[in-house]
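Fit chain V to the given chain A structure using the hints.
Residue strings, one per chain:
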Amino acid sequence: MISDLFTATVLIGIISSGIRLATPYLFASIGEMFGQRSGVLNLGVEGQMLLGAFTAYYIVLRTGNLFLAILGAIAVGALMGLAMGFVTIQLQATQGIAGIGFYLFGMGMSNLLFEKLIGVVENINGFPAVKIPLLGDIPVIGEIFFQQNLLVYLAFLLVPIAWFVLNKTTLGLKIRAVGENPAAADSLGVSVVRVRYFTVILGGILSSIAGASLSVALLNVFQQNMTAGQGFIAVALVYFGSWRPFGILAGALLFSMVNALQLWIQVLGIPIPSELAVMMPYILTILVLTLSLSKGKGPSALTKAFEREG
Amino acid sequence: MKNLFKLISILLIAVLVVAGCTPAAPKTEEPVAVDETLRIAIVTPSNISDLAFSQSISDAMKVLKSEMGDKLEYVYSENMFVVDDAAAAIRDYAQKGYDIVIAHGSQYGSSVQEIAPDFPETVFAWGTTVDTFGQPNIFAYEAASDQGGFVNGVMAGLLTETKVIGVVGPIETGDAKLYIDGFVAGVHSVDPSIDVRVTYIGSFSDVALASEAATTHLSAGADVLTGSAQMVIGAIGKAQEAGAYWFGTQADQTSFAPDTVVASQVYHWEVILREIIALRNEGVLGGQTFSANLKNGGQVISINQGLDLPQNVLDMANTTIQGIIDGTITVQ
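Which chain is which? The protein sequence lines are A and V, in order.
Position one of the first sequence corresponds to residue 4 (the working numbering), numbered consecutively onward.
Position one of the second sequence corresponds to residue 2 (the working numbering), numbered consecutively onward.
Some hints could be false.
Claimed, not checked - Each computed DSS-like pair below joins lysine-lysine, with the alpha-carbon atoms no more than 25 Å apart:
{"id": "1", "chain 1": "A", "residue 1": "K119", "chain 2": "V", "residue 2": "K296"}
{"id": "2", "chain 1": "V", "residue 1": "K296", "chain 2": "V", "residue 2": "K63"}
{"id": "3", "chain 1": "V", "residue 1": "K97", "chain 2": "V", "residue 2": "K63"}
{"id": "4", "chain 1": "V", "residue 1": "K66", "chain 2": "V", "residue 2": "K97"}
{"id": "5", "chain 1": "V", "residue 1": "K66", "chain 2": "A", "residue 2": "K119"}
{"id": "6", "chain 1": "A", "residue 1": "K300", "chain 2": "A", "residue 2": "K177"}
What the hints assert, rightly or not - Over the 12 Å line for every Cβ pair with chain A, so calculated as not near, a few chain V residues:
{"id": "7", "residue": "K239"}
{"id": "8", "residue": "Q306"}
{"id": "9", "residue": "L315"}
{"id": "10", "residue": "D316"}
{"id": "11", "residue": "G324"}
{"id": "12", "residue": "V332"}
As the list claims (entries may be wrong) - Derived list of chain V stretches under chain A, where covered just means 3 residues or more per stretch with a C-beta under 8 Å from a C-beta of chain A:
{"id": "13", "segment": "116 to 122"}
{"id": "14", "segment": "206 to 213"}
I should point out that these hints are in silico values taken from the structure, not numbers from a laboratory.
Keep in mind that this is a model prediction, so the values were computed, not measured.
Using N, Cα and C, we set each Cβ at its ideal position, and we do this for glycine too.
Next up, chain A with everything else stripped away, as it sits in the complex (with noise of 0.2 Å):
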């Protein structure tokens, strides 16, 4: 039985299904990266994927235009990620608590307009897969990687922009400042508050492209508590990827295949319970994390509050 996962079939199938479980939290862990590297940890990434999807599912479900689904869920992500900046970084409220009051409010937020404004499940028209031509010929690898819908396309393009924005550019200097020592920052003239600020809010926007990922591309439907946890994986695979985009990748395409492989063995009727099976992602990455956490040490001033002195 156990020879029946290598076949061309299951690895394909593992591998594409990754790639869709991936989509979210590759948007969402690398706004939560930015936001850690400048020392903001935000728990609130769950409800900010919550009201994105809720949003993008409104608008589209009304106006039929993906388009502007997209704009209204990076409207909806950064007030969200703006008003977490004004709490944690203008207010210096713990960010912990912070981000857990935001996680329910976004959760009761998206619950509620839901129940107002829709009331029913409904399927819309959400972002059709795009054929790249041809690199979507190629057999097997065009298939897997070239026949999807244009946000699983922009989440993989984020992890080498964000690498390049975050070691290659002056904002990404000041970012790694801000986040590693913030007086130093500061005395050599970055605003500490604008950078986080900065951050606090690309992150909002990100979690919510994360959840209209799922609601308008990949499942094309709304339902309450949809995301189901996923932002908060996505935080965790902040720590997992130490930090680095390319980390966070290996970390969310790990997490997502070994899911996608545990569906593939229950399907198979390899005799393992399901319960195991389900845990299996979570094992793995818990391992992964013990086995890696010595050379992750994360930025020295997150979570803490930034003040000037004197």
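This is chain V only, laid out in the frame that chain A set:
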């Protein structure tokens, strides 16, 4: 000044937390206490329009309301997936003097067990389960969802051409397991060689994983799918894209994908609730267990009339339903 900011931020967070919790609050005005008016409160784990478990009890209340009119008032707290919140709501409703408090979720058992003795005048109805904890004021109700599962399975077995059928389940327990076991038995009663593959995704709400589970079944050759709980909307969408058939349970899912859903097992809890109300009028406040099944009409197979199904499938479905009702067919 810094302390003031801290104070404001704490207040702001408190407001946000409260705002986050509000949708769970009762949805209707406090009813006026009139003696003849029956007051019922319901607590559900998910949204009452989830096309699944929570919607089934809400639909039943709508039926009762249309029958009883002013003689019935009801309120509900939905999305109570946190059991502690549900327990608070259950106690709150009992305290406010509701005549019947319905805890619509098997996870609420220990809460009902703890709260019921404090309110001996209040009727508590808890489902889906068979356990009344020996309390004189707890009614238990459940659905024989293996019966509807069996009927769905028979139809699925006749419709599959690839001889592979996929099942997307939540967690291997309770109503979902009962339905799925019945479904598998139904398929095998038609043709034991059909390969029914069951996946449990470990969640009632993870729409994305349910969707991938469906995709996995489809790429493994399944042409008919079914599944239980509210996250299956992700799976129905994939069945629709692939042109496969879908069988639903807990509520009529035809409206969601009219060209894909063949039949849904629908619960009619009003059949049970009518009995509970009648017993309460006679002064019996609990201690009994009810089962919604095909025979008492607590369970109905709703076949999608919009699909052009082969006559033998429809005939076989009816024969099976009749057989289960008169006892000539026993599930499993």
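Exercise. Hint numbers the structure violates, sorted upward?
Worked result: Hints 1, 7, 13 not satisfied by this model.
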